[in-house]
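Colleague: Protein sequences, first through last, are from chains A and B.
For the first sequence, this note's numbering assigns the number 43 to the initial residue and increments by one for each residue that follows.
For the second sequence, this note's numbering assigns the number 2 to the initial residue and increments by one for each residue that follows.
Check the hints yourself; a few may be wrong.
As a list, the in silico SDA-like pairs of lysine to any residue whose alpha-carbon atoms are at most 20 Å apart [what the hints assert, rightly or not]: (1) K10(B) <-> R396(A); (2) K151(A) <-> T85(A); (3) K11(B) <-> Y409(A); (4) K497(A) <-> K11(B); (5) K10(B) <-> K151(A); (6) K453(A) <-> Q57(B).
Don't read these hints as lab results, they were simulated from the structure.
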Amino acid sequence: MHNKTIAELSAGLSAGEFSSVELTEACIQRISTLAGRSNCFITQTPERALEDAKHADQRRATGDFGPLTGIPIAHKDIFCTQGIRSSCASKMLDSFVSPYESTVSAKLKAAGTVLLGKTNMDEFAMGSSNETSFYGPVRNPWNHDVVPGGSSGGSAACVAARLASAATGTDTGGSIRQPAALCGITGLKPTYGRVSRYGMIAFASSLDQAGPMTRTAQDAAMMLQAMAGFDERDSTSVDVGVPDYSANLADSIDGLTIGLPREYFAEGLDSGVGDVLEQALETLRKLGATTVDIDLPNTSLAVPAYYVVAPAECSSNLSRMDGVRFGYRCEDPVDLEDLYKRSRGEGFGEEVKRRIMIGTYALSAGYYDAYYLKAQRVRRLISDDFTRAFDQVDVIMGPTAPSVAFALGSKTDDPIGMYLSDIYTIAVNLAGLPAMSVPCGFADELPVGLQIIGKPFEESRLLNVAHQFQQATDWHQRAPQEYL
Amino acid sequence: MSLDSSDVKKIAHLARLGISDDAVPEYATELSRILELVEQMNAVDTSAVSPMAHPQDVVQRLRPDEVTETDNRDGFQGVAPATEDGLYLVPRVIE
Numbered sequence: 043m044h045n046k047t048i049a050e051l052s053a054g055l056s057a058g059e060f061s062s063v064e065l066t067e068a069c070i071q072r073i074s075t076l077a078g079r080s081n082c083f084i085t086q087t088p089e090r091a092l093e094d095a096k097h098a099d100q101r102r103a104t105g106d107f108g109p110l111t112g113i114p115i116a117h118k119d120i121f122c123t124q125g126i127r128s129s130c131a132s133k134m135l136d137s138f139v140s141p142y143e144s145t146v147s148a149k150l151k152a153a154g155t156v157l158l159g160k161t162n163m164d165e166f167a168m169g170s171s172n173e174t175s176f177y178g179p180v181r182n183p184w185n186h187d188v189v190p191g192g193s194s195g196g197s198a199a200c201v202a203a204r205l206a207s208a209a210t211g212t213d214t215g216g217s218i219r220q221p222a223a224l225c226g227i228t229g230l231k232p233t234y235g236r237v238s239r240y241g242m243i244a245f246a247s248s249l250d251q252a253g254p255m256t257r258t259a260q261d262a263a264m265m266l267q268a269m270a271g272f273d274e275r276d277s278t279s280v281d282v283g284v285p286d287y288s289a290n291l292a293d294s295i296d297g298l299t300i301g302l303p304r305e306y307f308a309e310g311l312d313s314g315v316g317d318v319l320e321q322a323l324e325t326l327r328k329l330g331a332t333t334v335d336i337d338l339p340n341t342s343l344a345v346p347a348y349y350v351v352a353p354a355e356c357s358s359n360l361s362r363m364d365g366v367r368f369g370y371r372c373e374d375p376v377d378l379e380d381l382y383k384r385s386r387g388e389g390f391g392e393e394v395k396r397r398i399m400i401g402t403y404a405l406s407a408g409y410y411d412a413y414y415l416k417a418q419r420v421r422r423l424i425s426d427d428f429t430r431a432f433d434q435v436d437v438i439m440g441p442t443a444p445s446v447a448f449a450l451g452s453k454t455d456d457p458i459g460m461y462l463s464d465i466y467t468i469a470v471n472l473a474g475l476p477a478m479s480v481p482c483g484f485a486d487e488l489p490v491g492l493q494i495i496g497k498p499f500e501e502s503r504l505l506n507v508a509h510q511f512q513q514a515t516d517w518h519q520r521a522p523q524e525y526l
Numbered sequence: 002m003s004l005d006s007s008d009v010k011k012i013a014h015l016a017r018l019g020i021s022d023d024a025v026p027e028y029a030t031e032l033s034r035i036l037e038l039v040e041q042m043n044a045v046d047t048s049a050v051s052p053m054a055h056p057q058d059v060v061q062r063l064r065p066d067e068v069t070e071t072d073n074r075d076g077f078q079g080v081a082p083a084t085e086d087g088l089y090l091v092p093r094v095i096e
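Just chain A, with the same shape it has in the complex (with noise of 0.2 Å):
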């Protein structure tokens, strides 16, 4: 049953073949004997799960169900879920049971899936390794000694180890198309403002975009449905119509043009994974898109304005942890400086330190024009960039990642280099651009990803044309041998 995608569960389901109480039972028991070799769980909710199944199997016996209905799915801790330790995977929010629900879990909710337990992450979405979070390192299923990826490596993980059809993640900056990559799924960030952030704990409101990880682009198109849509409670939802995500995914993709920006196969790109991107673009070519190159000039700039931005605000976001509303306070505070300033010098890991500061002191007064003006002014550069690409091409394609997984620990004490396996996802946030990352292959026997952008609010074609190159290879497909 773990080996079924979503699509297939919920043929099972209708047919009924087996019940949600049944398959929500096999989740929980793979989970108590397999999530622990990964840590891509920090707290599971069993017996919330058999409580949605057993609620989605009278909703199906009652003909009041939809596609999702009894499916069981994940959810990156960032989400506030009512009820259930919300941890963000910090210390500071170790005791945080949510008094609220994000829009995101209650659409999924609603829907009728099964919660299954929140997964680990970085701590609060920042890293790209998942090796800042409180709870422990995540282990990439495919190797236990190489990084998942993050910063929802918990969720790539556990959809990679078959533990759950699906999960949620978040992506800031590659959080979701590049641990998608590291751990051989696929994931999908939505075009900026498409799904509510609203009680997603926010790391960079401007940037910050939840979407689905999956194992297929089919089983992607049916998480979003449930996801996206306008939201009054998210100050930054768009409000545009939400199409059918799956009706186009059988569509051809014969006369597809794809850019390919020179600046991604450039150096800095491992020759393993630009050989099995070249072999993906050929599988493509054969179902008759045609490739061009293209150039993203200020794709260098990306990553330096993203840390600007993204510190910036994240600065912004953290200040309402302070120790007197709600997460960790420190002992004895002798007084109101000293509990703020040691209730977040004890609740905050390192990496999340070293943001809020770089943040802080590019708002200071005197240095705002310096850096938060000019990177916001770098990255409509990098989005017109896009634009410019867009006049003659239908979607852009590239690595997801500049390598393979990388050994735990290898890049903690280099801050630098751990941005930089964000090389080529970064301008995506920093555009607003919805972008898949889908498994084309491996490299060092590790899973590696090709990357499709769109232009805004064309999802659809993004999983078309994901679909397409799924029905054209088995990639997808693979499992890690010790999860089989």
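Using the hints provided, position chain B relative to the given structure of chain A.
Modeller: Quick look at chain B alone, frame taken from chain A:
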């Protein structure tokens, strides 16, 4: 821009982050390296470019000034470190 120990202490104070004196030199080195990376932005002239805050250049939405949320003070204060009579408790601020 290179930061020294006194810069780090000032920034940590602005951010209300307690960091130990031992950790200050390492933060100075790391933060300076990050700023070096960031300053690669200066290679390009952006004087004629307008800043971009929202990727779709959407303007702030307004809504009628009406009550839309119900009171959940007990729920929110239930997760607070210390409360009394519906108030959040902190060390004495005014003697």
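Colleague: Evaluate each hint against the coordinates.
Modeller: Verification of the supplied hints:
1. K10(B) <-> R396(A): Given that 20 Å is the threshold and the Cα spacing comes to 13 Å, the pair holds.
2. K151(A) <-> T85(A): 17 Å, holds
3. K11(B) <-> Y409(A): Within the cut-off at roughly 14 Å; holds.
4. K497(A) <-> K11(B): 43 Å, violated
5. K10(B) <-> K151(A): Not OK: K10(B) and K151(A) at ~46 Å, beyond 20 Å, violated.
6. K453(A) <-> Q57(B): Distance of about 35 Å is beyond 20 Å: violated.
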